[in-house]
Structures are given as structure tokens and as C-alpha cells.
Amino acid sequence: VNLAPQFNQSPPISFPGLSKQNDIFGKLMEELNSNKTKPKQDEELMSRLEQLELKNLKLKKQIRQEQEKQKQAPAFPSPAQQMYPFMQMQNFPYGKNPAEAFPQESENDPKKLKAEKRQRKKEKKERK
Numbered sequence: 001v002n003l004a005p006q007f008n009q010s011p012p013i014s015f016p017g018l019s020k021q022n023d024i025f026g027k028l029m030e031e032l033n034s035n036k037t038k039p040k041q042d043e044e045l046m047s048r049l050e051q052l053e054l055k056n057l058k059l060k061k062q063i064r065q066e067q068e069k070q071k072q073a074p075a076f077p078s079p080a081q082q083m084y085p086f087m088q089m090q091n092f093p094y095g096k097n098p099a100e101a102f103p104q105e106s107e108n109d110p111k112k113l114k115a116e117k118r119q120r121k122k123e124k125k126e127r128k
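full-length UniProt numbering numbers the first residue of the sequence shown as 1 and each following residue consecutively.
Every clue listed holds true.
Pair by pair, the computed Cβ-Cβ distance ranges are:
| no. | residue 1 | residue 2 | range |
| --- | --- | --- | --- |
| 1 | L49 | K69 | 29 to 37 Å |
| 2 | E53 | E31 | 25 to 33 Å |
| 3 | Q62 | G26 | 46 to 54 Å |
| 4 | S47 | G26 | 30 to 38 Å |
| 5 | M46 | F25 | 26 to 34 Å |
| 6 | S47 | Q72 | 31 to 39 Å |
Since the hints were made in silico from the structure, they are not lab data. C-beta: ideal position from N, C-alpha, C; glycine also.
Let the sequences and hints guide you as you build the complete structure.
Written out as C-alpha cells, the structure reads:
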């Protein structure tokens, strides 16, 4: 039994409000196809896009500058350093750099070696 002819003979089912939806859809398509309002909208959108890009660049610059400042700024003392203030470098009795307070007298210090060589050369010249 072939049922296809029965379905083809029946009229299309009409939904209430379908014609209204089709009208609205048609109007929207007409608006999209008409280029009357498009150039102005495009210009506005492009100018807005440019403004947002500039703002984005400025914000990125600010973020980079803040990150650089944070890298340069000294770190806050740790909780252990807060508990024991003598561990903080600013309270170090001999200045900020402990290497200055306790200089390591190394025999292979290049400055000392150069100074000693100069001294030897002067002594040799004086002997001659």
C-alpha cells in the first residue's frame, strides 16, 4: 500500500501566527538587503573598534609598567622576617649589603692582583 499520495493531497497545516512571522522575517530580510543604514553603522562600528583598540593598547602599556615596577620594587618581608626584625636587611647593623659589612679578603681578587703588579713594576723601575 502506497501512502505517499495521501500526504501530498492534504493541504498544508496552517499555524496561527505563521503569516505574521513570515511578514516579520521578510521585513528583516529587506532591512538587511537595503544598504541605506549600513555605511553609517559601519563607520560608527569601525570608529568604536579603533577607540577600543587604542584603549586596549593603553591598558596593556599600564599593565607592563606596573609589572616592571613590581619587579623593581623590593619584595615585602616574609612572615618570618616580620617575626624577627633583625632578619630584615634595613635593620642590618652594617648597612644594606652584608657583603660590605664582612668583606671576603680573597687572595685572587683581580683588583688587588693588578695593584700588586703595578707596585712591583714601580719598584723595578726605581731599582734601575
